[in-house]
Amino acid sequence: MTKNTVKLLDIVALTVDLPEYNLYRGQVGTVVELLAGGAAFEVEFSDRNGRTYESVGLRPEQIMVLHFEPASPDSVPKMVTA
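Position 14, counted from 1, in the sequence shown is what the working numbering calls 14; the numbers after and before it change by one each time, with no gaps.
If you're looking for bench data, these hints aren't it; they were derived computationally from the structure. Check each hint, because a few of them may be wrong.
As the list claims (entries may be wrong) - Restraint ranges, calculated between C-beta atoms of paired labels, are given here:
(1) N49 / L9: 32 to 40 Å
(2) P19 / P70: 33 to 41 Å
(3) P70 / Y21: 26 to 34 Å
Computed from a predicted structure; not experimentally measured. Where is the CB? At the ideal position from N, CA and C, for every residue including glycine.
Starting from the given sequences, assemble the full structure and let the hints guide the process.
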């Protein structure tokens, strides 16, 4: 398992626009379900009051995990392409 692996309850940001869901690159959500054996993820998007306004299944290349602590020196950044 690499440090870039998406896990349940990770905070993620969209790397693509999804206008059909009124979601745009940079919006932040929480991984609430692992789908297809970890090949996809159900991500919930909530407002500042904690009310969910969208929940959608996404592929790993559509999201990036947000990190709130300094990266360790042995971690290698991974480029995501759309």
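| query | Okay, P70 versus Y21 on CB: inside 26 to 34 Å? | reply | Holds: the Cβ-Cβ distance is about 33 Å, inside 26 to 34 Å.
| Range hint 33 to 41 Å (beta carbons of P19 and P70) holds or violated | Between P19 and P70, where Cβ atoms are some 35 Å apart, the hint holds.
| request: State, for the Cβ atoms of N49 and L9, whether the hinted interval 32 to 40 Å holds or is violated. | output: violated, 19 Å
The structure fails to meet hint 1 from the earlier list, while all remaining hints are met.
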